[in-house]
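*Asks:* Each chain is listed here by its residues.
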Amino acid sequence: MKFIDEFRGGKIARLLADAIREAMPGRESATGRPLTFMEVCGTHTMNIARFGIRELLPENLRLISGPGCPVCVTPHRWIDHAIAIARRPEVLVCAFGDMMRIPGSTSSLERERARGVDIRIAASTIEVLSLAKENPGRQVVFLGVGFETTIPTVAVSILEARSQGLPNYSVLCGHKLMPPALEALSKGDLRLDGYLCPGHVSAILGSGVYESIVRKHGIGCVIAGFEPLDILQAILMLVRQAAEGCPRVENPYSRAVTREGNVKALGILSQVFEAKDDEWRGMGMIPASGLKIRTEFAGHDAALRVPVEIEPTREPAGCLCGSVLRGAVKPPECGLFGSACTPDNPVGACMVSAEGTCAAYFRYGVRH
Amino acid sequence: MCLAVPMKLIEIRGDRGVADVGGMRREVGLQLLDSPAPGDYVLVHAGFAIQKVDEAEAQKTLALFRELDLTV
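If you read the sequences in order, they're chains A and B. Taken in order, the first sequence gives residues 17 to 384; the numbers are from the working numbering. Taken in order, the second sequence gives residues 1320 to 1391; the numbers are from the working numbering.
In short, the hints are calculated from the structure, not lab data. Glycine residues also receive a C-beta, built at the ideal position from the N, C-alpha and C atoms. Heads up, some of the hints might be wrong.
Claimed, not checked - Listing some non-contacts, in silico: residues in chain B with all C-beta distances to chain A over 10 Å:
| id | residue |
| --- | --- |
| 1 | I1329 |
| 2 | E1330 |
| 3 | I1331 |
| 4 | R1332 |
| 5 | V1337 |
| 6 | R1344 |
| 7 | A1356 |
| 8 | P1357 |
Stated by the list, open to error - In silico EDC-like links for lysine to aspartate or glutamate, alpha-carbon gap of 20 Å or less:
| id | chain 1 | residue 1 | chain 2 | residue 2 |
| --- | --- | --- | --- | --- |
| 9 | A | K18 | B | D1339 |
| 10 | A | K292 | A | E260 |
| 11 | B | K1327 | A | E22 |
| 12 | A | K280 | A | D293 |
| 13 | A | K18 | B | D1334 |
| 14 | B | K1379 | A | E22 |
| 15 | A | K149 | A | E176 |
| 16 | A | K308 | B | D1373 |
Given these sequences and hints, build the entire structure.
*Replies:* Written as C-alpha cells, this is what we have:
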C-alpha cells in the first residue's frame, strides 16, 4: 500500500539502527544518565512495541511514553459524567470504541451497556449525525475525546448539526490540547533530551508549534511518522541533535506535516471550541489545555443540554496510571501490572485502551 | 486514537468523497481540506480526510533511505 509499505523494511531499519549507534554522543559516563526521549503519541507507543524498535536501540538510549493516549488522560470525573448522561432514558450516547471499557469511579460505558443502557460505538461523527437524524425524539450525545487530530472532525459535526437542523445532536466535550501538556512536562523533572512529536496532531497543528518548546526549554522536537522507518529516522535525528548539543525542530514527516499545519481545520476548530483550563489524569490541572464548546453553539453542548448529577470520584487503589502518563514510571514498575491488572481485567485506563502504555507493554512483552 | 491511514481519493461529491486503500473503499468527509481533487492521497482519520499527503516530500524521505543503503 502506497505511503505505508515503502516506510517498512528490515534492511533499512537495521541501517538506521546502526546510524543511531554511531551517532550516540557517548556522554553516559559523564552524566550517568542515558539519553532520554519521550514518544508523546499513543500510536507511537503501540508501534514502537509492535515493531520491536526498543530492541534495535543502544542501551544508553531510553524511550519513555507520554500522555498521548486521549482516553487514558481523561479523568474519572469526566467518565462518570458521561455515564450519568448515558443513563438518562431520553439519551442515546455514542462513543469511539476505545472509550467503552475505560473505568469510571464505579462503572464503565461497557458495563452500563451490559445493563441495558443504549450506548453505541461509532467510527466517525458522520455516523452519529445519521443516528440523530433517524432518532428525532432522542438526544444523541457524542462523547468527544481526542487531541488535535480528532477535534476538527467533531467541530465539523457540530457545524453540520446546525446547518442540517439537528437540535437533538450534542457533544460532551472532553477534548484536550497537546502543546500545553508538553509545556507542563517540559517544566517538570523528567530531564528529557527530546520529544518524538505526534505525527497526526502535528498534521493539524503544524511543526511551528514546537518552536517555543525548543526556545524555552532547550528540548529537541522531531516530528515522527508512524511506520517503523519513520520512527527510527526521527530517533536518529534526536540523537544527532543531542550529540551536537543543538536542539531544534525537525520534521522528517514532511509528507503529512507542514510548518503551518492544516489552517482550514484549525479555523473550524476555533470557530466551535475555545480553550479552558483542564484536568489531565496523572498531571492535574494544566492551563488552557482543554476545550469547551463556544456559547454560540450551546445548543449542541451535552453538558448544558442534559443536566445530571455526577457521583463522587473514586480512584482505584494501587494503580500507577497517573505516574505512567507523566513518564515518571514504566508499567512493569507498577505492583498491579500483569497480575491484578491485565487487558482482560484492567484496573487503570492505560491497560484498557489499545494505545495505552500498559497495554502496549503487556501485549508485546516489553520488560524495560 | 490518532491513527490515520493514507488513502487515495477516487471521487468527490460536494463535501464527501470516496477513498481507497488496497482495494478497500470508504466514504470520507472532505470539509477539512482546501480544494481536494480525485487522485490526491489523503490521511483519513475518524471518517474525515485531515490532510493531503505530499508525494514529492515522501520521495525526498525515501531518497534519504536509499542514500543510507548505498553508503554501506
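*Asks:* With reference to the structure, classify each hint as holding or not holding.
*Replies:* Consistency of the hints with the structure:
no.	hint	verdict
1	I1329	holds (13 Å)
2	E1330	holds (17 Å)
3	I1331	holds (16 Å)
4	R1332	holds (14 Å)
5	V1337	holds (13 Å)
6	R1344	holds (13 Å)
7	A1356	holds (15 Å)
8	P1357	holds (15 Å)
9	A:K18 with B:D1339	holds (11 Å)
10	A:K292 with A:E260	violated (38 Å)
11	B:K1327 with A:E22	holds (16 Å)
12	A:K280 with A:D293	violated (25 Å)
13	A:K18 with B:D1334	violated (24 Å)
14	B:K1379 with A:E22	holds (12 Å)
15	A:K149 with A:E176	holds (12 Å)
16	A:K308 with B:D1373	violated (33 Å)
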